[in-house]
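Quick note, the sequences are listed as chains V and G, same order. Residues are numbered in the working numbering as their position in the first sequence, beginning at 1, plus a constant of 77. Residues are numbered in the working numbering as their position in the second sequence, beginning at 1, plus a constant of 238.
Any given hint might turn out to be false.
Stated by the list, open to error - Pairwise CB distance ranges, derived in the manner of DEER restraints:
| # | chain 1 | residue 1 | chain 2 | residue 2 | range |
| --- | --- | --- | --- | --- | --- |
| 1 | V | Pro136 | G | Thr510 | 35 to 43 Å |
| 2 | V | Pro93 | G | Ile478 | 42 to 50 Å |
| 3 | V | Thr124 | G | Gly419 | 42 to 50 Å |
| 4 | G | Arg597 | V | Pro136 | 30 to 38 Å |
Unchecked claim - Residues from chain V shown here face chain G by an in silico Cβ test under 7 Å; the list is partial:
| # | residue |
| --- | --- |
| 5 | Arg103 |
| 6 | Pro163 |
| 7 | Ala168 |
Keep in mind the hints are simulated off the structure, nothing from the lab. For clarity, every value in this text was computed on a predicted model and none was experimentally measured. Ideal placement from N, C-alpha and C gives every residue a C-beta, glycine not left out.
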Amino acid sequence: MSKIRDRSIDIGTYCPQPDDQLIICRCEEITKGEIRQAIYDGMHTLTELRRFLRTGMGPCQGQSCSKIIQGILARELKISHLELEPAMSRAPMRPIEMSVLGNEVKGGE
Amino acid sequence: MTFERAGAVMKRYDVIVVGAGPAGLTASIEAAKNGLKVVVFDENAKPGGQLFKQIHKFFGSKEHKAKMRGFKIGDELLKTASEVGVEVVLNATVIGIFPDKEVTVNIEDQLIHYKGDAIIVATGATENMVTFEGWTLPGVIGAGAAQTMMNLHSVKPGNKVLMLGSGNVGLVVSYQLLQAGCEVVAVIDAAPRIGGYGVHASKVTRCGVPFYLSHTIIKAEGDTRVTGVTVGEVDGNWQIIEGTQKYFEADTICLAVGLSPMSQLLKMAGCTMEQDPKKGGLVPVCNQYGETSISGIFVAGDVSGIEEASSAMIEGKISGIAAAYSLGYIDEESLVTKAKVLEASLRSLRQGMFAPENRGKILDKTEEGYDISMNLLKRGYLTEEEVESYPGVKSKKGIHPVIECSQNIPCNPCQDACSKKCILIGEKITSLPVVDKEATCTGCGMCVAACSGQSIFLVDESQEEGYTYITIPYEFLPLPKKGDIGLALNRSGSEVGQAEVVKVKTAKAYDHTHLLTIKVPTELGLKVRFFKQLQEVLV
């Protein structure tokens, strides 16, 4: 599923929209405007947006917002959301305290 | 047997199942039945996934546990799972799947490593959200949350609820909200047609709930919580048509706008994934037995494509058997024979007008060639003229069933319910039920209670001069009593006159669907389909 996108394409410049103040990622409180701005700053993949803005990195791990952000990104890039590489999935799949992560236990016994 | 790695000794299972919902439980049962040592991890405090929130009767045929309520299916599965020796570990969050089928689980703040020879991922789905001004206000909730509050914790989600989404989830939850005593102010959907089963829509409509298709939420009103909703009509490009704004007073907005597979664990494990809009999003590529691109990692249920619990349970069985085969517990012949039966059962559920291949299509005829009611798809009810065109509706002297079933959906309990052979569906379970005029209806009411879509009524014009007796399925409390006078509502939920309760029948075989017989003037016999209690009106 690895997709190569041409980064040199010109998507124009960021124009404010009336609903830019809408919160999209509730956990990290990131607005639509911030996401759109980041796209015009060069974040053309979901993973980049995550790293740049922390969208989808809060307690729900993107369960509410990832599809919405996918839609925003696809619209700004003027491509289908199917062309977007999904964001990285890695452990821990759920938020976990460092103390738990460090508390490895032998064999469940 | 244990494995040493990085200082941690891992407990080994033949199969590790992730998720104790309908798919995960059936998968683990099948695997355990074939002799495998199985553990199921679920992050929730209670097993069953969504099953225990499903208080309605399921569709399908007997083999799919049709006409059983979801939570009872859940009870049955848990009982079987414990009988066959499945170990179910709750409050156990799987946080990763690593090479060589190593699974790490957070149990009681300890990170425990397990090793499976096979893994079945049955993590289900997550609810989609939509954004609009005010969507983060308290009072905007997912339909699943509403179900959790009502059906698991007996908490009323709100008093006045607006439902966004007319798929089966939106329709079923709207009905359950009514049952919980909430007022559903409207069901709205941006799509031009109702997405779920017509019968589900009809039972909501006849309670007086209006549908607004091609409508979307413009704004959730309120400062600190939802106090109302402004909606508007959308054009073909999903843009609000100026001047169509409508305001509803509401304290709760329920979102039922689809589900997405919770497939991140599989992506992390390295399974080949694909974006499939028909399956609801990112899903693993898998073979007919639910095996992913990584040998020994299987999937079942919504995580591999959004469907419903009945098909999830069959997929679970298939992957359980396939896991048994992959570990050498059963031979290929046995796998093929068993899978063949299950695949046929799955196919029968995936037929009809709501079949995956028909998604997004506009059908105007049933398989039998009857016109599909556009009124049903747009307003949520069949008109009087339309009703009479279907094979389940025939006028006859004496008591007889009137089956207002007009779409090809996979469901046939009514056929089995009638011991007098009044109702015929035939081999293909999506066919419309046909009422045999020659057969003698005894008025036992089994068909009325068996219909998961609550679309069967008994009509009797011969009891009393000038009156028609109508028996309706009734699932609201308090239960009316004989002699009660109430409002007679038609299919669209409008009041058309008064009705008197002449009989209330409750039986174990009806499984909590009560049969209310009301009498209305004969000219209303073909119109009245619901009874509204007067005390309810006064409150």
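Violations among the numbered hints: When the structure is compared with the hints, numbers 1 and 2 turn out to be violated.
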